[in-house]
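4 protein chains.
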Amino acid sequence: MPRIGAEPARRRELINAALQVIGESGTLEVSVKKIANKAGMSSALAFHYFGGKNQIVTETMRFLLSELTENMRSGLIGKSDPHQRLEAILEASFCASQFKRKTVAAWLVFYVHAYSSKSAARLLNIYSRRLESNLVHAYRQIFTNPSRAKKAAESTASIIDGVFIRHALRKSGPDRIEAIEICRSHIAAQVAASPTN
Amino acid sequence: MPRIGAEPARRRELINAALQVIGESGTLEVSVKKIANKAGMSSALAFHYFGGKNQIVTETMRFLLSELTENMRSGLIGKSDPHQRLEAILEASFCASQFKRKTVAAWLVFYVHAYSSKSAARLLNIYSRRLESNLVHAYRQIFTNPSRAKKAAESTASIIDGVFIRHALRKSGPDRIEAIEICRSHIAAQVAASPTN
Amino acid sequence: MPRIGAEPARRRELINAALQVIGESGTLEVSVKKIANKAGMSSALAFHYFGGKNQIVTETMRFLLSELTENMRSGLIGKSDPHQRLEAILEASFCASQFKRKTVAAWLVFYVHAYSSKSAARLLNIYSRRLESNLVHAYRQIFTNPSRAKKAAESTASIIDGVFIRHALRKSGPDRIEAIEICRSHIAAQVAASPTN
Amino acid sequence: MPRIGAEPARRRELINAALQVIGESGTLEVSVKKIANKAGMSSALAFHYFGGKNQIVTETMRFLLSELTENMRSGLIGKSDPHQRLEAILEASFCASQFKRKTVAAWLVFYVHAYSSKSAARLLNIYSRRLESNLVHAYRQIFTNPSRAKKAAESTASIIDGVFIRHALRKSGPDRIEAIEICRSHIAAQVAASPTN
DNA sequence: AATGAATGAGCCTTCATTCAT
DNA sequence: AATGAATGAAGGCTCATTCAT
Numbered sequence: 001m002p003r004i005g006a007e008p009a010r011r012r013e014l015i016n017a018a019l020q021v022i023g024e025s026g027t028l029e030v031s032v033k034k035i036a037n038k039a040g041m042s043s044a045l046a047f048h049y050f051g052g053k054n055q056i057v058t059e060t061m062r063f064l065l066s067e068l069t070e071n072m073r074s075g076l077i078g079k080s081d082p083h084q085r086l087e088a089i090l091e092a093s094f095c096a097s098q099f100k101r102k103t104v105a106a107w108l109v110f111y112v113h114a115y116s117s118k119s120a121a122r123l124l125n126i127y128s129r130r131l132e133s134n135l136v137h138a139y140r141q142i143f144t145n146p147s148r149a150k151k152a153a154e155s156t157a158s159i160i161d162g163v164f165i166r167h168a169l170r171k172s173g174p175d176r177i178e179a180i181e182i183c184r185s186h187i188a189a190q191v192a193a194s195p196t197n
Numbered sequence: 198m199p200r201i202g203a204e205p206a207r208r209r210e211l212i213n214a215a216l217q218v219i220g221e222s223g224t225l226e227v228s229v230k231k232i233a234n235k236a237g238m239s240s241a242l243a244f245h246y247f248g249g250k251n252q253i254v255t256e257t258m259r260f261l262l263s264e265l266t267e268n269m270r271s272g273l274i275g276k277s278d279p280h281q282r283l284e285a286i287l288e289a290s291f292c293a294s295q296f297k298r299k300t301v302a303a304w305l306v307f308y309v310h311a312y313s314s315k316s317a318a319r320l321l322n323i324y325s326r327r328l329e330s331n332l333v334h335a336y337r338q339i340f341t342n343p344s345r346a347k348k349a350a351e352s353t354a355s356i357i358d359g360v361f362i363r364h365a366l367r368k369s370g371p372d373r374i375e376a377i378e379i380c381r382s383h384i385a386a387q388v389a390a391s392p393t394n
Numbered sequence: 395m396p397r398i399g400a401e402p403a404r405r406r407e408l409i410n411a412a413l414q415v416i417g418e419s420g421t422l423e424v425s426v427k428k429i430a431n432k433a434g435m436s437s438a439l440a441f442h443y444f445g446g447k448n449q450i451v452t453e454t455m456r457f458l459l460s461e462l463t464e465n466m467r468s469g470l471i472g473k474s475d476p477h478q479r480l481e482a483i484l485e486a487s488f489c490a491s492q493f494k495r496k497t498v499a500a501w502l503v504f505y506v507h508a509y510s511s512k513s514a515a516r517l518l519n520i521y522s523r524r525l526e527s528n529l530v531h532a533y534r535q536i537f538t539n540p541s542r543a544k545k546a547a548e549s550t551a552s553i554i555d556g557v558f559i560r561h562a563l564r565k566s567g568p569d570r571i572e573a574i575e576i577c578r579s580h581i582a583a584q585v586a587a588s589p590t591n
Numbered sequence: 592m593p594r595i596g597a598e599p600a601r602r603r604e605l606i607n608a609a610l611q612v613i614g615e616s617g618t619l620e621v622s623v624k625k626i627a628n629k630a631g632m633s634s635a636l637a638f639h640y641f642g643g644k645n646q647i648v649t650e651t652m653r654f655l656l657s658e659l660t661e662n663m664r665s666g667l668i669g670k671s672d673p674h675q676r677l678e679a680i681l682e683a684s685f686c687a688s689q690f691k692r693k694t695v696a697a698w699l700v701f702y703v704h705a706y707s708s709k710s711a712a713r714l715l716n717i718y719s720r721r722l723e724s725n726l727v728h729a730y731r732q733i734f735t736n737p738s739r740a741k742k743a744a745e746s747t748a749s750i751i752d753g754v755f756i757r758h759a760l761r762k763s764g765p766d767r768i769e770a771i772e773i774c775r776s777h778i779a780a781q782v783a784a785s786p787t788n
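Quick note, the sequences are listed as chains A, B, C and D, same order.
Read in the numbering used here, the first sequence has 109 at position 109, and its numbers run on one by one without any break.
Residues are numbered in the numbering used here as their position in the second sequence, beginning at 1, plus a constant of 197.
Residues are numbered in the numbering used here as their position in the third sequence, beginning at 1, plus a constant of 394.
Residues are numbered in the numbering used here as their position in the fourth sequence, beginning at 1, plus a constant of 591.
Heads up, a few of these hints could be off.
Heads up, simulated DSS-like pairs for lysine-lysine below, C-alpha to C-alpha not over 25 Å straight-line [said to hold, decoys possible]:
no.	chain 1	residue 1	chain 2	residue 2
1	B	Lys297	B	Lys231
2	B	Lys250	D	Lys644
3	C	Lys496	D	Lys709
4	A	Lys34	B	Lys315
Hints are computed from structural coordinates only; laboratory data are not their basis.
Since the structure is predicted, the reported quantities are computational estimates derived from the model, not experimental observations.
Please model the complete structure; the sequences and the hints are all you need to start from.
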């Protein structure tokens, strides 16, 4: 997790601007100039700080993921009950600060970008594995069968992603309550369906 | 060199090429020239047939969706048992011909594109509503409570999308058996969890 | 004067279409396709008939000029009085059929085109000399001094062109009555100013 | 390589180059690249400074007109005698610096361009009205009848334009002495023809 | 630290033109 | 006679990137 706070404020402004612009346009096809100008600086300065468009994109993605990771970490602290932990994971995944239309759109853009960008894939992978590990860990305490736990984790990760992507495309903007509810009931169904495992 | 009456064939070739190129690159940022060349023609001809890059993209998307729709339609024909229908929906959603890495990637690209393109959103919407209507219809026969059916449909649609997107990013390429299995078990859990509804 | 009547009707239609399109757009930057389509044929056929865009333009210009020339010729026939002849020249120059906004615009376009096109310059030159010769001939009968006649002719040709161009740019469309009146009074002033010459 | 604070100079160079290129070719169909290269810079820089080809053209036209306007203004300063003023208008209209073949050609091109371009028409209109107002003002002091003055102004403006356009197309290049002489004698004839008005 | 100057590369698109049918 | 197929060339414009100041 890069400590962005330690970087000059200008980098933060730029990352924020990138998030805005990418989120608004739903594309990575945004010019560095547009991002830099939104951050109130010249594009040359953006290059000075980041070295290139790729890096701006990568750092912006890293920032988004690190926020999510931090949310999850802090939400899980001190909770040992698996159900509580699953709930915390949902809360973090759809946390109000991130589950806004523009942010979700940026998320999606990065998600797809990972398909063709190695560095983006790496970043996403780290986050993805952490989420899965948290899920597996929780489900292990619920299902005695490890393979069952693994499957439940995979399935839960899938529905989180699915709900995410579907809500991103809604004109009305995503509704986090509803999103969480869908995932929560998925978890409940999973558990209920295999009571003795 | 000019082949007469070649319009339909040429358009198909172009759409195929677009699918390839977009699927390979995971982006809409591909030049018309690249697509046209892959289809064995000059970019000028591509413009002659489609009128512009947007139309190429739109038509390609339409093609993908129409294939999916057709798969679903033919898979559902003559099945009245709701469980069979749900299974058919899964089969169609992850049908072997479409659930290939490149196709899935193209799918994803279009999916995201719909965020910023009105015509893409419209196309996606039509397909999306059809899927949902099929799901709701099936669940209505399983759950007496209509609201329960609606929720199950939404949840199932979500997990299908989630599994789709997750498998798209796998280096190893998507595994349709596994994908279907995850969704199938989600459906089973839904049903098992609310036996009396 | 090319006998256009002897050419296939298709050429005529094409020339007419070119006149329309050029007159409407006020530019030679119109595609052959647009012209051909306006004439109800494919651009390939236009090429078949004319061999190239340049020829289409040249022939169209030739047509316009030949019409003008014919008007002038028939208007002058049988008139020997110089004042009557000058009046006939004005009538022909601003003849109702040609002095329409679109036609005048096409005229202008060709006029400017002559600056950079040899063939256009040649055509214009022929017409220009004929007009001048007609003017000089008339003025010779009015002014005994040949140099005075030459000057009057040049001056009259100038004001005809000037009135033409100014009326071309009017939003309200050119007004031939007014145009002729200006030229007529110019002629009168010329004559009145040198009564004894 | 970058010169700092070069914007105004660069714009001027570009405008000059545009004038050259347009004047040489007698057409607006000149690529921005050609203009920019003539000005010793890349086309991208031209776009950077002007934003588009249209603006380059418009600014070039504006420059030409402003020069003409300035010539007229300074030529009229301190002159109150109407005949002197008319003479000054002619001098300015055919001032040596502007009445060169290439400049006149550019003028013509812009003139015709005004037919299809709103912004060009606007620019031309401003200049045109100023010229007319100057002419009317002078003739009002010569003719007591205002309608007579108005007609004389219109007629003079016409002959100026006509002489301009005719001289533009001469291979030998325009001859300002002769041009002025024609207009001068037109004015004289006007005045002589209506001595008591 | 910060920016305007500057450009090469590339993209979408149009067009005149040719050719086989 | 007539046209769709096909393309090379060119044009306007954008953009990531570099550099001097």
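Taking the hints in turn, this is what the structure says about them:
Of the pairs offered as hints, the one joining B:Lys297 and B:Lys231 holds, with about 21 Å between alpha carbons and a cut-off of 25 Å not exceeded. This hinted pair checks out: B:Lys250 and D:Lys644 have alpha carbons roughly 24 Å apart, not beyond 25 Å. Taking the CA atoms of C:Lys496 and D:Lys709, the gap is near 17 Å; set against the 25 Å cutoff, the hint holds. As the CA atoms of A:Lys34 and B:Lys315 are separated by approximately 23 Å, the hinted pair is consistent with the 25 Å bound.
In summary, the structure agrees with every hint in the numbered list given earlier.
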